[in-house]
Amino acid sequence: MNKNLELFLTFMKIGAFTFGGGYAMIPLIQKEVCENKKWLNEKEISDIVAISESTPGPIAINAATFVGYKTSGFLGACMATLGVVLPSFLIISLISMILTHFQSIRPVRYAFMGIRAAVLALILKALWMMFHQVKKKKQPFSYAIMGLSLVLTAFLKIDAVFVIIGCGLFGLIWSLLNRKEQSNGTD
Amino acid sequence: MVLIKLFLAFLKIGAFTFGGGYAMIAMIQAEAERQGWLTQEELVDFVALSESTPGPLAVNMATFVGMRTCGVLGAIIATLGIVLPSFIIILIIAKCFEKYEKSKAVGGIMSGLKPAVVGMIGAAFISVTRTVFFPSGISISVFSSAGFWIFLGLFAVTTVLAFKKVHPIKIIILSAVIGIGAGYGLGL
Chain A
376 MNKNLELFLT
386 FMKIGAFTFG
396 GGYAMIPLIQ
406 KEVCENKKWL
416 NEKEISDIVA
426 ISESTPGPIA
436 INAATFVGYK
446 TSGFLGACMA
456 TLGVVLPSFL
466 IISLISMILT
476 HFQSIRPVRY
486 AFMGIRAAVL
496 ALILKALWMM
506 FHQVKKKKQP
516 FSYAIMGLSL
526 VLTAFLKIDA
536 VFVIIGCGLF
546 GLIWSLLNRK
556 EQSNGTD
Chain B
3 MVLIKLFLAF
13 LKIGAFTFGG
23 GYAMIAMIQA
33 EAERQGWLTQ
43 EELVDFVALS
53 ESTPGPLAVN
63 MATFVGMRTC
73 GVLGAIIATL
83 GIVLPSFIII
93 LIIAKCFEKY
103 EKSKAVGGIM
113 SGLKPAVVGM
123 IGAAFISVTR
133 TVFFPSGISI
143 SVFSSAGFWI
153 FLGLFAVTTV
163 LAFKKVHPIK
173 IIILSAVIGI
183 GAGYGLGL
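In order, the protein sequences belong to chains A and B. The number in our numbering is simply the position in the first sequence, starting from 1, with 375 added. The number in our numbering is simply the position in the second sequence, starting from 1, with 2 added.
Okay, chain A solo, but in the shape it has when bound (with noise of 0.2 Å):
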């Protein structure tokens, strides 16, 4: 089979089969490409993965770009990034279309509302997650960039695109002071 075809069918797959965003897809990713394909070897895999995680945008869909691109050039990241869409984008309008009807149901309307309750707890699990991905450093700089970001966002109401941009800089500087302050150290 041609390959971009094969990459595009792979990934509609792992789209089509994932629930609950990027993270689920990881493994699903590496069973696919690494033993049933053989595209690529674990080690590259887990260096896509990382370089996934540090990048903006989905980590599915940037997971997918790359992958496409290694196996098979730009043609590739333009298949398997589509196919790892498309599930998605279809189930969705679907859904989309028939809730707009649903909603106005009144089962349907006290379903959603308990949901809500649910959709808190979600939101509290990836916050712990998180939280325990960051607090492994233990730095006081973590913390307070972690309460800066939370106060301006969500009192202060300042655009996430700016906190992000500020943020960003400031571990950058941060780190590049650091290290210049360790290097003195040893002098």
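No wet-lab data here; the hints were simulated from the structure. Take the hints with a grain of salt, since some may be wrong.
When the alpha-carbon atoms are kept at most 27 Å apart in a straight line, the in silico DSS-like pairs for lysine-lysine are as follows [said to hold, decoys possible]:
| id | chain 1 | residue 1 | chain 2 | residue 2 |
| --- | --- | --- | --- | --- |
| 1 | B | 167 | A | 511 |
| 2 | B | 97 | A | 418 |
| 3 | A | 511 | B | 104 |
| 4 | B | 106 | A | 510 |
| 5 | A | 406 | B | 172 |
| 6 | A | 511 | B | 106 |
| 7 | A | 378 | B | 166 |
| 8 | B | 167 | A | 388 |
| 9 | B | 97 | A | 406 |
| 10 | B | 97 | A | 445 |
| 11 | B | 166 | A | 511 |
| 12 | A | 511 | A | 500 |
| 13 | A | 418 | A | 378 |
| 14 | A | 406 | B | 167 |
Simulated coverage check for chain A against chain B, where a stretch passes if three residues somewhere in it have a Cβ under 8 Å from a Cβ of chain B [stated by the list, open to error]:
| id | segment |
| --- | --- |
| 15 | 384 to 393 |
| 16 | 413 to 421 |
| 17 | 424 to 434 |
| 18 | 449 to 462 |
| 19 | 487 to 499 |
| 20 | 544 to 554 |
A virtual CB, placed ideally from N, CA and C, is assigned to each residue, including glycine.
Mind docking chain B on chain A? Use the hints.
Frame of chain A; chain B shown alone:
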């Protein structure tokens, strides 16, 4: 004109979201509020639906908001907007991969971004709390309504389940059933 605004808004969200779908909520909320695209309640419902349908959260939410704002064309434009920055950035990085990986600057920027994402998900949590528990503002009367306490109990139960790693879909189905029961029981 709305289509262009929709495209640019999701392009911006796609270019500045680090750390996956949940980090996006605060940003989508700000855009939707500014443009008047959807209510807080709708946004929370979209998060729930995006969680319980397959695929990346970000793509699901973009498709939803686009569809609701401008129909099929809006869904295509919003999805394209959220995908495009990732696609372009990754292509560039894939070409000069080794340099990016070892770059100290990238490490420094990430050390600032990761805690910022935690703060922003915290902000999303606060605003969703307001929507769920205090839709018409914080007042004493809220605390005397049975609905408030039922949903507070539901939140406590679902939180325990979520931390016990119960699958989100099961949690959402359970809370839908409780919502229907409570709605009829209280005659809302």
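Right, here's what the structure says about each hint:
no., hint, in the structure
1, 167(B) with 511(A), "holds, 21 Å"
2, 97(B) with 418(A), "holds, 17 Å"
3, 511(A) with 104(B), "holds, 21 Å"
4, 106(B) with 510(A), "holds, 21 Å"
5, 406(A) with 172(B), "holds, 25 Å"
6, 511(A) with 106(B), "holds, 19 Å"
7, 378(A) with 166(B), "violated, 41 Å"
8, 167(B) with 388(A), "holds, 24 Å"
9, 97(B) with 406(A), "holds, 24 Å"
10, 97(B) with 445(A), "holds, 9 Å"
11, 166(B) with 511(A), "holds, 21 Å"
12, 511(A) with 500(A), "holds, 17 Å"
13, 418(A) with 378(A), "holds, 21 Å"
14, 406(A) with 167(B), "holds, 22 Å"
15, 384 to 393, "holds (count 4)"
16, 413 to 421, "violated (count 0)"
17, 424 to 434, "holds (count 10)"
18, 449 to 462, "holds (count 6)"
19, 487 to 499, "holds (count 13)"
20, 544 to 554, "holds (count 9)"
Checked against the numbered hints listed earlier, the structure breaks hints 7 and 16; every other hint is satisfied.
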